[in-house]
Structure formats: structure tokens, C-alpha cells
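Chemist: Residue numbers (this note's numbering), protein chains in the order written: chain H, 1258 to 1661; chain Y, 1258 to 1661.
These are computed hints drawn from the structure, not numbers from a lab.
Only a predicted model underlies this, so the values are computations on that prediction, with no experimental measurement involved.
One or more hints might be untrue.
Identical copies go unnamed one by one, so any copy, or any two together, can satisfy a pair.
[Unchecked claim] Calculated cross-link-like contacts (lysine-lysine; reagent style DSS-like; alpha-carbon spacing at most 30 angstroms):
1) Lys1282 <-> Lys1618
2) Lys1318 <-> Lys1607
3) Lys1654 <-> Lys1597
4) Lys1607 <-> Lys1383
5) Lys1286 <-> Lys1607
6) Lys1508 <-> Lys1269
7) Lys1654 <-> Lys1620
8) Lys1286 <-> Lys1620
9) Lys1591 <-> Lys1654
10) Lys1318 <-> Lys1469
11) Lys1357 <-> Lys1383
12) Lys1591 <-> Lys1269
13) Lys1259 <-> Lys1618
14) Lys1269 <-> Lys1544
If you want the building blocks of each chain, they are given just below.
Protein chains: 2
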Amino acid sequence: MKIIDGGVCAAKGFKANGIHCGIRKNRVKRDLALIYSETPCTAAATYTTNLVKGAPLLVTKQNISNGYAKAIICNSGNANTCNANGVEIANLTCSLLAEKLNIDANDVVVASTGVIGQPLNIEPIKNGIPSLVEGLSDNGSEFASEAIMTTDTVKKEIAVEFIIGGKTCKIGGICKGSGMIHPNMATMLVFITTDCKISAQMLQKALSSDIKETFNMVSIDGDTSTNDMVTVLANGLAGNDEIVSDGEDFKEFMKALNTVTVNLCRKIASDGEGATKLLECVVSGGKTLEIAKTVAKSVICSSLTKAAMFGADANWGRVLCAIGYSGANVDINKIDVYFKSNKGTIAVCKNGSGVDFSEEKAKEILLENEIDIIVDLNDGEFNSTAWGCDLTYDYVKINGDYRT
Amino acid sequence: MKIIDGGVCAAKGFKANGIHCGIRKNRVKRDLALIYSETPCTAAATYTTNLVKGAPLLVTKQNISNGYAKAIICNSGNANTCNANGVEIANLTCSLLAEKLNIDANDVVVASTGVIGQPLNIEPIKNGIPSLVEGLSDNGSEFASEAIMTTDTVKKEIAVEFIIGGKTCKIGGICKGSGMIHPNMATMLVFITTDCKISAQMLQKALSSDIKETFNMVSIDGDTSTNDMVTVLANGLAGNDEIVSDGEDFKEFMKALNTVTVNLCRKIASDGEGATKLLECVVSGGKTLEIAKTVAKSVICSSLTKAAMFGADANWGRVLCAIGYSGANVDINKIDVYFKSNKGTIAVCKNGSGVDFSEEKAKEILLENEIDIIVDLNDGEFNSTAWGCDLTYDYVKINGDYRT
Chain H
1258 MKIIDGGVCA
1268 AKGFKANGIH
1278 CGIRKNRVKR
1288 DLALIYSETP
1298 CTAAATYTTN
1308 LVKGAPLLVT
1318 KQNISNGYAK
1328 AIICNSGNAN
1338 TCNANGVEIA
1348 NLTCSLLAEK
1358 LNIDANDVVV
1368 ASTGVIGQPL
1378 NIEPIKNGIP
1388 SLVEGLSDNG
1398 SEFASEAIMT
1408 TDTVKKEIAV
1418 EFIIGGKTCK
1428 IGGICKGSGM
1438 IHPNMATMLV
1448 FITTDCKISA
1458 QMLQKALSSD
1468 IKETFNMVSI
1478 DGDTSTNDMV
1488 TVLANGLAGN
1498 DEIVSDGEDF
1508 KEFMKALNTV
1518 TVNLCRKIAS
1528 DGEGATKLLE
1538 CVVSGGKTLE
1548 IAKTVAKSVI
1558 CSSLTKAAMF
1568 GADANWGRVL
1578 CAIGYSGANV
1588 DINKIDVYFK
1598 SNKGTIAVCK
1608 NGSGVDFSEE
1618 KAKEILLENE
1628 IDIIVDLNDG
1638 EFNSTAWGCD
1648 LTYDYVKING
1658 DYRT
Chain Y
1258 MKIIDGGVCA
1268 AKGFKANGIH
1278 CGIRKNRVKR
1288 DLALIYSETP
1298 CTAAATYTTN
1308 LVKGAPLLVT
1318 KQNISNGYAK
1328 AIICNSGNAN
1338 TCNANGVEIA
1348 NLTCSLLAEK
1358 LNIDANDVVV
1368 ASTGVIGQPL
1378 NIEPIKNGIP
1388 SLVEGLSDNG
1398 SEFASEAIMT
1408 TDTVKKEIAV
1418 EFIIGGKTCK
1428 IGGICKGSGM
1438 IHPNMATMLV
1448 FITTDCKISA
1458 QMLQKALSSD
1468 IKETFNMVSI
1478 DGDTSTNDMV
1488 TVLANGLAGN
1498 DEIVSDGEDF
1508 KEFMKALNTV
1518 TVNLCRKIAS
1528 DGEGATKLLE
1538 CVVSGGKTLE
1548 IAKTVAKSVI
1558 CSSLTKAAMF
1568 GADANWGRVL
1578 CAIGYSGANV
1588 DINKIDVYFK
1598 SNKGTIAVCK
1608 NGSGVDFSEE
1618 KAKEILLENE
1628 IDIIVDLNDG
1638 EFNSTAWGCD
1648 LTYDYVKING
1658 DYRT
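For reference, chain H alone in the conformation it holds in the complex (with noise of 0.2 angstroms):
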């Protein structure tokens, strides 16, 4: 397997456009994203678990529970979410992109972010959707990327390229996501696309089962968004034969979108908003594998613990306490902590209590920006890891007038 360029326009068939079509008046930047599969593709989904879902959400939902699609509309600047009219305006984006691309309606998957509860205009989308269409092209991911941003400070693509019974596929995809970020989905979008074969049922089943260790182990600042959708388009162009069962077909695909998703994780959680350090907690040692998950994610989601990672402070004593109100059923006098980054691993907590360290040592390890905790449970075979990063100045700054 190995990295290549391109983003959602790496496998076969796929092109891709983003534009600035003015959803939101005061801001100029591309906000209506595309991509399109002129071959007809199986697609998977899986939505946020908020009661609360986006109008587009519905809609998807409804248009590929046929197990089909053939392209992808997203705006930013407006999330089409509380508003009376939601329902209506996404099966319109749908049915003006669809009668421009000359494709049905239900083949299209529809998503919106930004802000919730103010009706979302289909004038500029409506206006934007000819321009979008003809600028489609091979190479449209990185504006395509762009257009799905909201506070995002950066774009966020990944490809690879991997052989399935000898033919080389390739799957890649794009994401946003920044802020109201949390396990089981969360304010990100994620479109992948692949020219591997694989069946609808088995895309789905590989989605599903993949995002339980990725993106649901990302938080930013504990808040599962409205309209999260990670979607996946397989068009089957790369000709190898269509995975329809478990096997080892099965498993090279899982490996080639965790590698994808794994990425975007990681993305998401360096670019949470107002973050500087990327910080991923790596549990061993737990008893279930639900322990494992529950303690990594009570750690990366402690608003102590990540102000004082942005202080660069290494107060174990926060990630401990996390580790102990997680609600994880734990031996806290077997726990090890450690920190780690690209200048080095420092122990700091062996058996619950305290350990002398280099305080200088730890300052050190703790100013990069990516940090490893570790946590050893000491207590059986399960291992997990979430994502998340620092709380800073910033977050609060992009959040206390995020409307305005």
C-alpha cells in the first residue's frame, strides 16, 4: 500500500469541483463542493447519532437506501438544520444537480455544515450548480476540499493506492471538521471514493466497522454535531472481482480505508479549532476492549487534561482523574502514564501514584506538537486509541462569536 496524490480524485472515474457560490454573504471563499462518478457507484453512510439530524442527513439517507449513487453535493456557511424548509431545499440541491448532470435525483448525496436554525437561500446554490458541473475535473479535490470548509484552518486529503486480486485500486478521500467534534460522529464530513468492486452491503459493512476505531475516537470539544455523514462511493472501475463476502479480498479493502480514515482522523484532531498539538491517547492493557475505548476517550475528551497540554504541563494527575470518573471499570493502582512525543518518552505514574521525573525533560517532550499519552492499564490484552488536542485561547476565541 502507498500514498499517492489526488484525494477523492485518485481512483478511476471520479472528478471533482468546488466553488464560491455565496451562501454566505460576508465571506469569500469556495462554499459548494462536487464529486461525481459518471459510473454508476455502490454507497455506504453512516449519520450522527444526534436526535437532532441535518435536513440533508434525511434526504441521503433516503436517496441511497438502494445502495447506489453517483455524486456528492456539499455546501459549507449554512447547515440546513432546525429550519422548517430543510427537507424541501435538500431534495432541491438534489434535483437541480441531478437534472444538470442528466442523472436521477436519488443518486445524489447531499450535505451541509456551518451554522444551525437559519434557513439555508437555494439562490446561490441554484446559481452556482451550471458552474460547479463544468468545472468539474480530474484534479478538483483540492477545491473541492476547500469548499466543504467552515472554521477549518486547513485542507484535508489523503489517497493510497493498494492491489486486490491483482489489480491495482485506489481509494482516497476529503473531510472537514474542526469544531463540535465527538466520538460517534461529530461535525465532520467525510467523503471517500474508490474504484475497488465491492458490493453495497459489504462497503457498508466495512464502513460501519471501520469508523467504530477512527472516527468515532476523535473528539474536539465533546459536542456531536447535527449533520456528521461519512460517506463512501465505489464505482468498481479498478475491474477486480467484486468483493461480495468476508475474506481475504474483504480485508485488504479494510486495510486500504483505515489507512485513509486513520489519516483524516488525525487531520481532524490537528486542526480541532484554536488547536496547536495533536494529542492521541493510546490505551493498552484493559480488561475489554470497551474499557480500552471508554478510558481513551474520557482522556482526550478532559478539558483539563488539554488546557494543560497547551501549557505544556505535564499534570498527570488531570489524566488520571479522567481515567477514574470515565466510568471504565479500572484497577487505578495497576496504571501506568506515560508522555511522548518526537523528543522522547517520559514516565510519570507507575501503580496510581506519582513518580519522580525531569519536570525540564517533560517540558520538553510536551512543546512538540503532537503528543502521544500513554496509557497502560496493566489489567488484560485490550488496546485503543482515541484523538483529540489542546483546548486553547483560540477555541474560545472562534466560538464565542462564531455567528457574527
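Let chain H serve as the given structure and place chain Y on it in line with the hints.
Modeler: Chain Y alone, transformed into the frame defined by chain H:
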């Protein structure tokens, strides 16, 4: 019932003091508090639910297992938690104090607050106890409340007078709590004294019932501390017939206790680390009490809602979002949301969708420093209130370099 002065010394027979003994080398503030009743008291307490429990909690639990106590000693600057010799130090603190007061060591309630995982040096405590005891006075509540502060910016005390069986009783309390505050106990220490005569069993019943609707409904940052404790001592000097069962007298006592605890909850929330605003989420119309409570807590804990309140931004979508991911079984399409302060009330969401409102008026309301977020679930008869505060730059500042 009327509010009176005196804090923990308002009730007959209680004296208090607070001194600087030098636990933190680099900070000259009072750091050792004492509350004392010469007359034996019935005692009740509740403790953190964190699996990591401060050593003082373990010792206190043991000491008051017989239902009685006479003194409370508390240091700030060091939590005496996650230290190999923690229990030993906490026991030593009790016996040193007991010797000076000429009481039994197991009549002492001991508490600590501050940094986790750094050994607590007994020397400053040992050296401080003589002057701590000698300085006990009828108006020492303020010194005691000052001595238990960590990142608190204001002293927190309250007392009320009430009548039971024709006898005038008093109940008062002091508390500390600013960060690491989350439902189900939090870094809060609350010490309450009363001269009402009540059995240990009924005192515990009153406290355990009260905290479910008060201290367990306060959240500053979602981090449940290792050292939380709420303690009540009742010395019976008011001369009422002892409360030994449910009935009118018990109800009166509960009402007075609740007045004290709600007042302290509001003080803790409004002094949350870095807070500029007290937030109160008032939920009505819940199908069950559990649903109303879950919704109130979820809104109060939402970082995005908290940051929006800091920015006086009427971003009600974040409130709805927090209700949606709370896990409570609600019908989103029935929900109304209002913002209220002493500048008025404004409706921002009806039946789960946005309504037109004056942004100018909303701003005026949200610029106040006590904000009510009013949620009507329109789905039943149950109500609940939770308290919290906004998320500000200063929260990050305070917690980015707490240890240094």
C-alpha cells in the same frame, strides 16, 4: 426563613479559623481551615464518584462511620491524592489536630484540595495547628472560607435561620469550587454546620437527597474531581426535638438545607474558572425527571454553548444540538428555547425550529452576567435546573499553567 450572616459560625456553638501555614511555597494566602464544635455533632457526608479518590476522603469516611464528628480540617494547595503515603498523612493530620483540641482523632473530618500527585508535606500543617486552634472564633467563617480557596476568586458563604417546633435553628455553609467541577460531585468542598438537632441517619438522608438536585447539577468543565466532599455537622444546640424520622420538621430542615445548597451552587458556578457569566439551564415539560435532568446537564456542559454565551451570541442551535446528543428521549419537534436575563426574555426556537427574533434584543439580554437558558420540552410534567458558566479565555489561561 431568612438569610443571615456568619457562614459556618452562624449556628450556635461553631467556631472557625483559617491561617496561612505555607503549603504552597510561592503563594501567600490562607491555606489551612478549621471548623469546630465543642459539643458532639451528628455528621453526614457525600463523596466524589471518581474511582480515584483523594486519601482524605478515605480517612473521613472511616472517621465518621459512627455518625459523629466535632471538627473539620481542610488544606488547600495540595490534594493529597495519588500519593503513596496519602492515607498516612491524612491520618496524621487528624491525630495532630485531635491532640491539640483534646478530642478523638476519629472525630475529625479531613479534606484537601489542590494539585494531584505531589506528596503533601505534613510539616507546615503540624506547625500551623497550634495557631489554627488558638485563633478559633465565633466570626472565623470568613477566614476558613478563604483558606479553602484554590483558583476561586471569591469567598463563598451563606447562612439562614429557620424555625423547627418553635425553636430558632440556623444552618450555614462555606464552599470552594472553581474548576474540575462536574455533576455527581466535582472539585467542590462544601462544609455545612447547623445547630438543629437531627439524627445522623436523617442528616445523611437529607444530604443524600438534596445533592441530587443541587451539587450534582453543577458543571464547570466536565471534569469530576477526585477530592469532592460535602459534609454537614449538626450539634443540636438549637434545642428542638431531635428529628428522627420523616415529617414536618424534617421537611422544614430540608428546605433550609436546600436554600443553603442552591445558594452555594450558584456561587460555585458563577465563580467557575475564568467565568464571566452564571448560566442556569431551566428545563420544564420533561416526560420523566431523569429526562429533564439529562437535558439540563447536557446544555450546561456543552463547550460550544458555553463559548457562545461568553460571546453573548444567541446561537440557540447549539442548545438544541446539546439536547439532541444528550441521550435523553425527547421529541425535538416539540422543544421551545428562550434566553432570559434581567434585561428580559426572548424566544429563539419554537417546536424545534428557529423563530424570527431581534438580534439586538438578544445581545442586550446575553450581555448580562446571569443568563437563564430556558428549555420547554412540552412533553410532560418534570422540571430540572442545572448550573454552569461560560467558557472563556481565562479558563484556558488558568488551566494551561495551573501547576507553575
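Chemist: Just pull the numbers of the violated hints for me, sorted ascending.
Modeler: Hint check: 5, 9, 12, 13, 14 fail, others pass.
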